[in-house]
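Residue numbers (full-length UniProt numbering), protein chains in the order written: chain A, 1 to 310; chain B, 1 to 310.
Certain hints may be false.
Straight-line alpha carbon distances no greater than 25 Å define the calculated SDA-like cross-link-like pairs of lysine to any residue that follow [as the list claims (entries may be wrong)]: (1) A:Lys80 / A:Gly103; (2) A:Lys80 / A:Arg195; (3) A:Lys31 / B:Pro244; (4) B:Lys245 / A:Asp248; (5) B:Lys245 / A:Arg195; (6) B:Lys149 / B:Leu302; (7) B:Lys291 / A:Asp189; (8) A:Lys149 / B:Leu264; (9) B:Lys245 / A:His32; (10) A:Lys291 / B:Glu58; (11) A:Lys149 / B:Lys249; (12) A:Lys291 / A:Phe310.
Rather than coming from a laboratory, the hints here were simulated on the basis of the structure.
One letter stands for each residue in the lines below.
Number of protein chains: 2
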Amino acid sequence: MTALQHLPALRRVAVCGGTHGNEMSGVYLAKHWLANPSEIQRGTFHTTPFLGNPRAVEQCVRYIGRDLNRAFTMDILNYKDSDTDSYECQRAQEINQTFGPKGSSQAYDFMLDLHNTTANMGSCLIVASEHDLLPLHVCSYIQKQSKRKHCPILLYQQQGQETYSINSVSKAGLAIEMGPQPQGVARADLLAEMRSTVAYVLDFIELFNKGTLFPAFEIEAYKVVGSVDFPRNPSGEISAVVHPKLQDKDFQPLKPGDPIFQTLDGENILYEGNDPTYPVFINEAAYYEKKAAFCKTEKQTLSQPALQKF
Amino acid sequence: MTALQHLPALRRVAVCGGTHGNEMSGVYLAKHWLANPSEIQRGTFHTTPFLGNPRAVEQCVRYIGRDLNRAFTMDILNYKDSDTDSYECQRAQEINQTFGPKGSSQAYDFMLDLHNTTANMGSCLIVASEHDLLPLHVCSYIQKQSKRKHCPILLYQQQGQETYSINSVSKAGLAIEMGPQPQGVARADLLAEMRSTVAYVLDFIELFNKGTLFPAFEIEAYKVVGSVDFPRNPSGEISAVVHPKLQDKDFQPLKPGDPIFQTLDGENILYEGNDPTYPVFINEAAYYEKKAAFCKTEKQTLSQPALQKF
Numbered sequence: 001m002t003a004l005q006h007l008p009a010l011r012r013v014a015v016c017g018g019t020h021g022n023e024m025s026g027v028y029l030a031k032h033w034l035a036n037p038s039e040i041q042r043g044t045f046h047t048t049p050f051l052g053n054p055r056a057v058e059q060c061v062r063y064i065g066r067d068l069n070r071a072f073t074m075d076i077l078n079y080k081d082s083d084t085d086s087y088e089c090q091r092a093q094e095i096n097q098t099f100g101p102k103g104s105s106q107a108y109d110f111m112l113d114l115h116n117t118t119a120n121m122g123s124c125l126i127v128a129s130e131h132d133l134l135p136l137h138v139c140s141y142i143q144k145q146s147k148r149k150h151c152p153i154l155l156y157q158q159q160g161q162e163t164y165s166i167n168s169v170s171k172a173g174l175a176i177e178m179g180p181q182p183q184g185v186a187r188a189d190l191l192a193e194m195r196s197t198v199a200y201v202l203d204f205i206e207l208f209n210k211g212t213l214f215p216a217f218e219i220e221a222y223k224v225v226g227s228v229d230f231p232r233n234p235s236g237e238i239s240a241v242v243h244p245k246l247q248d249k250d251f252q253p254l255k256p257g258d259p260i261f262q263t264l265d266g267e268n269i270l271y272e273g274n275d276p277t278y279p280v281f282i283n284e285a286a287y288y289e290k291k292a293a294f295c296k297t298e299k300q301t302l303s304q305p306a307l308q309k310f
Numbered sequence: 001m002t003a004l005q006h007l008p009a010l011r012r013v014a015v016c017g018g019t020h021g022n023e024m025s026g027v028y029l030a031k032h033w034l035a036n037p038s039e040i041q042r043g044t045f046h047t048t049p050f051l052g053n054p055r056a057v058e059q060c061v062r063y064i065g066r067d068l069n070r071a072f073t074m075d076i077l078n079y080k081d082s083d084t085d086s087y088e089c090q091r092a093q094e095i096n097q098t099f100g101p102k103g104s105s106q107a108y109d110f111m112l113d114l115h116n117t118t119a120n121m122g123s124c125l126i127v128a129s130e131h132d133l134l135p136l137h138v139c140s141y142i143q144k145q146s147k148r149k150h151c152p153i154l155l156y157q158q159q160g161q162e163t164y165s166i167n168s169v170s171k172a173g174l175a176i177e178m179g180p181q182p183q184g185v186a187r188a189d190l191l192a193e194m195r196s197t198v199a200y201v202l203d204f205i206e207l208f209n210k211g212t213l214f215p216a217f218e219i220e221a222y223k224v225v226g227s228v229d230f231p232r233n234p235s236g237e238i239s240a241v242v243h244p245k246l247q248d249k250d251f252q253p254l255k256p257g258d259p260i261f262q263t264l265d266g267e268n269i270l271y272e273g274n275d276p277t278y279p280v281f282i283n284e285a286a287y288y289e290k291k292a293a294f295c296k297t298e299k300q301t302l303s304q305p306a307l308q309k310f
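Use the sequences and the hints to build the structure in full.
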């Protein structure tokens, strides 16, 4: 086990809702906190709530021109032409100016980004990679606080891939992906669950800033390794639905030979991988256009060193 | 009890999916049947499948310019200007030409329209009014065939109100409203349930055409009497969510004093009606813009006379 790691105190924290304008738990919470910010303040740092994609929120759609949460690449953030190709590219640059610049010492210390999914993902915690020490300590703290809830950790960044999500603008970040909830609907149960999860994150940062030593730990995480598209007919149209035995089974092992799709002719299509995988984002509405009926993950055990403020 | 009623045999039946382009059970079934129509044919009549709103289906949205399923009023159907004010008005006129004209003797005998809702409505059967003898016999047949499922009947037409739905173009019609299912998602379980419900409808028509006498019956139905909007702040924004005790409780009695909303400050808002109501479309995504957090219904018992072909 690696020795104790030290990081500086966190002074500026951002909480974002409405990065996708039809994921309503975060939209409602961010709007509420913009009007009533006291709930998300703590003694040792300042928290700034904001709406990621206000125009998409207004229209209750995921995005206007392109997915904002894939727009935080250096190419887009540094693009100079004032006629940036979409509203979201302009918005990404604005967010980068306010909460970044990405990769710089002026960037916010932490950004928490609030999402919903139509998939049965529970209170999924999304971190870029296993190298994100502080966010993984936050995840461990959340899991301890909310023992009865399913708070699996998802690592989204592929080997060698640039980060592109909104919270990659800050020095450290975490996304909460809560489901199942339909697009355009706010359920009271998920809203309350997301609200308490945000509170755990802020409580962790407060404890960290006050000098608490967070011991080393081992933790399970699911690393995204690819995705599986729907079967399609020759004209590209989807020709099968997610199999009832796979539906709602996010984070449960899927073995070679297990059914994954059912065609409208009643034929079962089986999983052909060589090894078990742990599917996530099963039948997520927003991923039909991304050609992903589900994402494949590998289950890993991560060892993380102890952490304390400098 | 009224005496035996007679109606002519049904020769032309239409089955519509995608009246709302993001309600996927009907979209997938209609596309499948357009390519493979044999499943919905019977010996005594011809069935025509079609997509209600193909452009909305393409974009996976409810509608392009306005809600197609409110566009079948005589005003819109008879509007002469070629620059009709939206795609859906043009489409309503096309559908009226193909399957109507509404109210005429040339109209199709029956139209079945396939919908999904994000609300927990089960396999809800929507009929215009208690005067729709043939559709109510169809509902009774469906309830008998699918005994284990919840197939409540909803009467949508208000006193003195013109019919406006797509199946008002045909001589008789029925909508299936199946949920809960998120917009833009096709769940295998609901797809199978909708498919078998469609088969029951076609089987009923086949039996009717062959001379079966369907006896008189009494049946429970829920008649829409109004709707309740979300609480809003002075600028018109929604300031509360559907209460967890009301969420998913469609068709269950709501009594005066029962909680219906929860504000983001934690305050409960109670139902103030004088009598119990039976809420439906609770937290339906598409009704946020229609300012309806839920619809109120009255539970009625309808007596329907026996029915046989002329």
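Against the structure, the hints:
| no. | hint | verdict |
| --- | --- | --- |
| 1 | A:Lys80 / A:Gly103 | 18 Å, holds |
| 2 | A:Lys80 / A:Arg195 | 38 Å, violated |
| 3 | A:Lys31 / B:Pro244 | 20 Å, holds |
| 4 | B:Lys245 / A:Asp248 | 23 Å, holds |
| 5 | B:Lys245 / A:Arg195 | 18 Å, holds |
| 6 | B:Lys149 / B:Leu302 | 20 Å, holds |
| 7 | B:Lys291 / A:Asp189 | 21 Å, holds |
| 8 | A:Lys149 / B:Leu264 | 22 Å, holds |
| 9 | B:Lys245 / A:His32 | 22 Å, holds |
| 10 | A:Lys291 / B:Glu58 | 15 Å, holds |
| 11 | A:Lys149 / B:Lys249 | 23 Å, holds |
| 12 | A:Lys291 / A:Phe310 | 45 Å, violated |
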